[in-house]
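In the order they appear, the protein sequences are chains G and F.
Residue numbers for the first sequence follow the working numbering, so the first one is 35 and each next one is one higher.
Residue numbers for the second sequence follow the working numbering, so the first one is 23 and each next one is one higher.
Where hints are given, some of them may not hold.
[Said to hold, decoys possible] Just so you have them, the derived chain G footprint on chain F, three or more residues with Cβ under 8 Å: (1) 191-204; (2) 363-375.
[Stated by the list, open to error] Mimicking EDC-like on lysine to aspartate or glutamate, the simulated pairs with C-alpha atoms at most 20 Å apart in a straight line are: (3) 156(G) <-> 119(G); (4) 207(F) <-> 102(G); (5) 156(G) <-> 181(G); (6) 136(G) <-> 261(F); (7) 136(G) <-> 46(F); (8) 207(F) <-> 261(F); (9) 83(G) <-> 146(G); (10) 118(F) <-> 202(F); (11) 207(F) <-> 119(G); (12) 156(G) <-> 146(G); (13) 156(G) <-> 206(G); (14) 136(G) <-> 146(G); (15) 83(G) <-> 151(G); (16) 207(F) <-> 150(F); (17) 136(G) <-> 206(G); (18) 207(F) <-> 243(G); (19) 136(G) <-> 174(G); (20) 118(F) <-> 160(F); (21) 118(F) <-> 150(F); (22) 207(F) <-> 361(G); (23) 207(F) <-> 118(G).
Since the hints were derived computationally from the structure, they do not count as laboratory data.
By construction, the Cβ of each residue, glycine as well, lies at the ideal position given by its N, Cα and C atoms.
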Amino acid sequence: MRLAMLALVFLATAPAALAVDLAAIVRDHITPRYQALATTTALLEQQAKTACAPQNPPLTAAYHRAFDAWVGVSHLRFGPSEAEDRAFALAFWPDPRGATPKTLALLIRNSDPVVADPVAYKTVSVAARGFYALEFLLYDPQFAAPERPGYHCALIQAVTRDIAANAAAILDAWQDGYADLVSRPGNDLYRTEVEAAQQVFTALSTGLEFTSVTRLGRPLGTFARPRPNRAEARRSGRALHHVVLSLTATRELALHLAPGNARLIAAFGRALDRANALDDPVFAGVADPPGRLRVEVLQQSVDAIRQVLRQEVGPTLGITAGFNALDGD
Amino acid sequence: MVQRRAVLAGLCAAGLAPAQSWADAGDPAYLSAAMRPDGTAVLCGLNRLGARLFARPLPARGHAAAAHPTRPEAVAFARRPGTFALVVNCLDGTTKTRLALPRGHHFYGHGAFSGDGDLLFTTENAIETARGMIGVWDTRRGYRRVGAFSSGGIGPHDIQCLPDGQTLAVANGGIETHPETGRLKLNIPTMRPNLSYVAPDGGILEQVTLDAAYRKNSLRHLAIAGDGAVAFALQWQGDPGTHPPLLGFHRQGGRVRLAAAAPDTVRRLSGYVGSLAVSDVENAVAITSPRGGVVQIFGLADGGFRRQAALPDVCGVAGGPGGFLVTNGLGQTVQNPTAARAHVVEHAVQWDNHLVALRGRRAA
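Throw the hints in and build the complete structure from the sequences for me.
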């Protein structure tokens, strides 16, 4: 997921009192989720070391668990995830130019020795790093039946090692000070509780926008030209699953920002109900009108959450959205 | 024969069939795209106090405009990544022509005329390669496309012609986009914005980049002083917790200088400057941040912060004879926004990002 898709205006007149428990957000939402990412990616690295054949069940199971953990933090795009482009290196998607398969194919064609060196692998294009590159290596027909299994194995091991290192670095940075900066504002980074809460709100809003516009919008395409092949992580059957995971994670965060907000709870409930009832794991249904309508309705229900956030939650944090401020250009 | 033709042409221009000028359009001082309450888009002409002289329809939301230096016509550009650019007759609101983009290109929101008005240069994306391009259009032949060359970087946004009437300053914002993913930024980890000076034949004369620490500071908008000094405005794409300078200065052959302001002043911008303008009479540059809801004035000579004013959703700004005029998404035009008695005019539109001054820069 990419940064700053959504622009928000921070009013000069911030609210006097804030009912947001920032320490609880860090303790109960952010930290455990990054811990899960670090743990599952370490296991993924371990599995790839043990047996790296693409269709090896323990490896693919570890891949799914770790990818789940990533989607659960993919809305938290600030601070440690942005340092050293760690989040970009974990998740390079969408990829309209097909840079991921191109870069991977180039590494393989050249038997690039960069895979042997964990430090050097950090210099490889982010297109050939992270979960979406790993998905190609494990599931795409172009890669999953390799001519030279030895190199393919080394590449999978390099990618998983890099994923685990990035996840560990993000968790370390949170535990090594960033958590305190957010939990206890009044520092150079977050001078007030309102500033820290605004950062969290921006992350939440941007995460939901990404789910609507990109996770759902890309496969929807246009009515005349639906694009099922643009669904996220479709090769491993995860597109709808990502929508469910990200809605679940953003609901948890949203209810920290607006505890007990009935409209918010109802809006998330409707969206999750629709997602869970969809039975179209990679949005293949967008290609025909009835299936498309169901995905559109899901997208609308995500947009309904965004509207509640904008209208009811944003203003309590001194945030409003303007004509030019939203434009971003 | 050639001579005779030239004489005839001269006569035409002089009086036999008098060419129409901006005076015939009510002598507007500024142009801006806007959105009406019913959702339709227009290109408006404003007088020097911000009162509206005309409103001409646009097919979709506009971004910026370029005004022909002499003829009362303007090119209105689509919001990025758009494919329309309309040459609007500012006398009657008719569309004189529509720029015909070659397949595989889209506009990036801005354009600039050569000093004599014969050529129009537009910033574009070559979609397949993601290379920034400058399209060249001959205004004397119905805005026919006569060429294209590299912008010197990725994601060119603003383009301005220097006072020599020829050299182009191009803000290569560094951000790669693709029509398939709209405005999604595809290359933040590797982005490398620059300011390029380009000859009208496409030759790159000089390129300027910021220090590595500011690699994610997208150089997007330009304002040119009468003496050729370039002010540029930035949009920060790095960690939102950091607040680097968002205004810089350069002169061909010289070194980059970043604006000097206290950390609190920089924080007010929320990492984002939407537009900027130079006022030679005030020897100052104004930057606007719609996200921070603030307009800030800096000295042109020393790059030092002078003063600021809060104004919600402010973005459009231009230098005029009476000082700076700014516009916002609430429909206000505000003259001298940092003065004790700013002159405010309310309009029933939402002003889009850019306010374009029609007067020559030296008169500003």
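The hints, checked one at a time:
no. : hint              : in the structure
1   : 191-204           : holds (count 4)
2   : 363-375           : holds (count 4)
3   : 156(G) <-> 119(G) : holds (10 Å)
4   : 207(F) <-> 102(G) : violated (24 Å)
5   : 156(G) <-> 181(G) : violated (25 Å)
6   : 136(G) <-> 261(F) : violated (29 Å)
7   : 136(G) <-> 46(F)  : violated (57 Å)
8   : 207(F) <-> 261(F) : holds (14 Å)
9   : 83(G) <-> 146(G)  : holds (19 Å)
10  : 118(F) <-> 202(F) : violated (30 Å)
11  : 207(F) <-> 119(G) : holds (14 Å)
12  : 156(G) <-> 146(G) : holds (14 Å)
13  : 156(G) <-> 206(G) : holds (18 Å)
14  : 136(G) <-> 146(G) : holds (14 Å)
15  : 83(G) <-> 151(G)  : holds (14 Å)
16  : 207(F) <-> 150(F) : holds (16 Å)
17  : 136(G) <-> 206(G) : violated (32 Å)
18  : 207(F) <-> 243(G) : holds (14 Å)
19  : 136(G) <-> 174(G) : holds (13 Å)
20  : 118(F) <-> 160(F) : holds (14 Å)
21  : 118(F) <-> 150(F) : violated (30 Å)
22  : 207(F) <-> 361(G) : holds (14 Å)
23  : 207(F) <-> 118(G) : holds (17 Å)
When each numbered hint is compared with the structure, violations occur for hints 4, 5, 6, 7, 10, 17, 21.
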